[in-house]
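Participant: So you can see what is in the structure, the chains are spelled out below.
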Amino acid sequence: MPLDFDAELTVTSPSSGTGVSELRCRGIWSVHTIASLERRLADMRWPDSGDSVVDGSGITVLDTSGAWLLHRTVARRAARGGAVRLQGLRAEFAALLQLLAARDLPLETPLARSPPWLERAGRHAVAAVAGTRGYLAFVGESALAMLATLRHPGRLRWRPILHNVQTAGVDALPITGLLSFLMGIVIAYQGADQLQRFGANIFVVDLVALAMLRELSPLLTAIIIAGRSGSAYTAQIGTMKVTEEIDALRTIGVGAQDLLVLPKVLALIIVMPLLTVYTDVTGVLGGMVMANLKLGVGFDVFVDRLDEAIQMSSYWTGLAKAPVFALIIALVGCYRGFQVSGSADSVGAQTTLSVVQSIFLVIVTDALFSIVFLWLDL
Amino acid sequence: MQTTQAGPSSDAVIDVRGVCTRFGHAVVHENVELRVRSGEVFALVGGSGSGKSTLLREIIALQQPASGSIRVFGQEVVGLGDERALPLRRRWGVMFERGALFSALTVAENVGMVLAEHTDLPPHLIREVAAVKIALTGLPADAGAKYPNELSGGMRKRASLARALALDPELLFLDEPTAGLDPLSASGIDELVRSLREGLSLTIMMVTHDLDLLWRAADRVAVLGKGRIVEVGTMTELSHSDDPLVRQYFHGPRGRAAQENAWKTK
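Going line by line, the protein sequences match chains A and B.
To convert, note that position 335 of the first sequence is 335 in this note's numbering; the numbers rise steadily by one, no gaps.
To convert, note that position 23 of the second sequence is 23 in this note's numbering; the numbers rise steadily by one, no gaps.
Any given hint could turn out to be false.
Covered stretches of chain A, going by a simulated chain B footprint (3 or more residues, C-beta under 8 angstroms) [unchecked claim]: (1) 22 to 36; (2) 88 to 100; (3) 338 to 344.
Just so you know, these hints were derived from the structure itself, not from any lab.
The beta-carbon is built from N, C-alpha and C at its ideal position, and this holds for glycine as well.
Just need the whole structure built from these sequences, with the hints factored in.
Facilitator: Printed below as a string of structure tokens:
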């Protein structure tokens, strides 16, 4: 089957190695044919030197891609010495080739080189250090902004604070309540078997109440809020950064810290302890339901036992963590938002980082709290 | 100006007939008629909110008019699904007003992606052809490795043009090619539009506010106002028009300055 495009090389007096070579081009030279044409051209055996003629009179269609291949062939041939003449092209094709020749195009496009692993490791390390320093600087700025606001409490923006209380707190009630209720059920269920074996059914109260109040409900709330609100903070501030709204705020003379960071931090500090108390209650309720079903511990017995099972210190140690977790989540979320750099991809990457880092920091802080409380004998 | 109106002949690349568009109760287009001939640079002008960009989006099958017919290369695009529009879309390129470059990809990858999607070129040829397109739009060679957010506004427009040209379209749509550019970059775009039309034998349809660009690059201009095409003609014809809407558009202080400028450079 004859192809509708072609390139053919004829070399006159090839034996001397310096003969005149003629390349006849024919048919369609377009983006759809240049892959085959290029292979064909690469297979040709050009003489080492000597003049060449490229005859384009047979070309019926030429687009920029085809023109590029033609241009490259001519230019590469010329680079090896000897005159190269291009002849027979239609006027419009010649104009197109002229357009390409007028630009200074590199004949070889170098492959983008990915740096060696040592360089990459170094860059990552430098970025990690810069990230930590940036985060500390951000925490410092927020603290200063907070102090300035404390000196002039009138400047505090209540409206955004209340809005954040609504979105991060009130709207989170169903999901946090449900999850901690289920957590209470799971703990009671898991413990039931062991306790029954020792006939110590009543101690399910100690198990559920202690686990929920001291550890699980503050941690669970923090993780849900990091996923719900921390990510939202990053996405919101990040998008505002992309659309230059942050710059606009600064030119208007409103600090981004005052308008965007402080209300979020304060709102979360208000909301998190309240949510923790709420999840304490729902978690214990879950345990109560399971204790009743599986261990035959009635609601009245359960509530009576609660008094003995837990000391106030358990309640307070759990509650004391909540505002610290709130601070971590809000600051990491906002900081990551400010780190967004102009692309949609970056918003996604920073939001991921925000959630991962705040959950990581929350759990590390929780471990530190455990050590400190152990020292203090609480 | 009936003399400049193309007849229903087959050389109309774009043929818009009786298009009406409504957003809720607001009527944007009422019976818009438009023909763009092969090989010309056609410009659509009109005040803000006159529905220029909406008409452009309808022609490139991103939006549906309430009624009417739009034919591109003789094929009806109204009611055409994405699947069936694909062969048509490969024959035209669009440069969006704000560039619409994919921010996660470099400029070269933005152009190369179109080639990789629609051709079977090997990777090294994709890189080379992408570099050619980038150079054609007047960008420096090192721009290809940059990400869109590292480019200035003018460079981003050129990069967007390079992507629109990736498949050597027969028809090129430019949405506000010079908006937001400094005069120097804008006049670079004027020359670019002219040289591309001559070198690549393109048909170009653009939506613009830029009177300098109209005087220098447009063959014919349609004025959109009050939901319909008020007048179509060359810039010289339009500048002698009696229609108040057209006069208002072309005879403001800026219109006159642009005309004087155009005469000087010609």
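Participant: Could you run down the list of hints and mark each one as holding or not?
Facilitator: For each hint, the structure was consulted:
Coverage of the stretch 22 to 36 of chain A by chain B holds [criterion: at least 3 residues with CB-CB distance below 8 angstroms; count 5]. Note: the stretch 88 to 100 of chain A has 6 residues with beta-carbon separation from chain B under 8 angstroms; the three-residue rule is met and the coverage holds. With a cut-off of 8 angstroms between beta carbons, the stretch 338 to 344 of chain A has 4 residues touching chain B; three or more are needed, and the interface restraint holds.
Of the hints listed earlier, there is not a single one the structure fails to meet.
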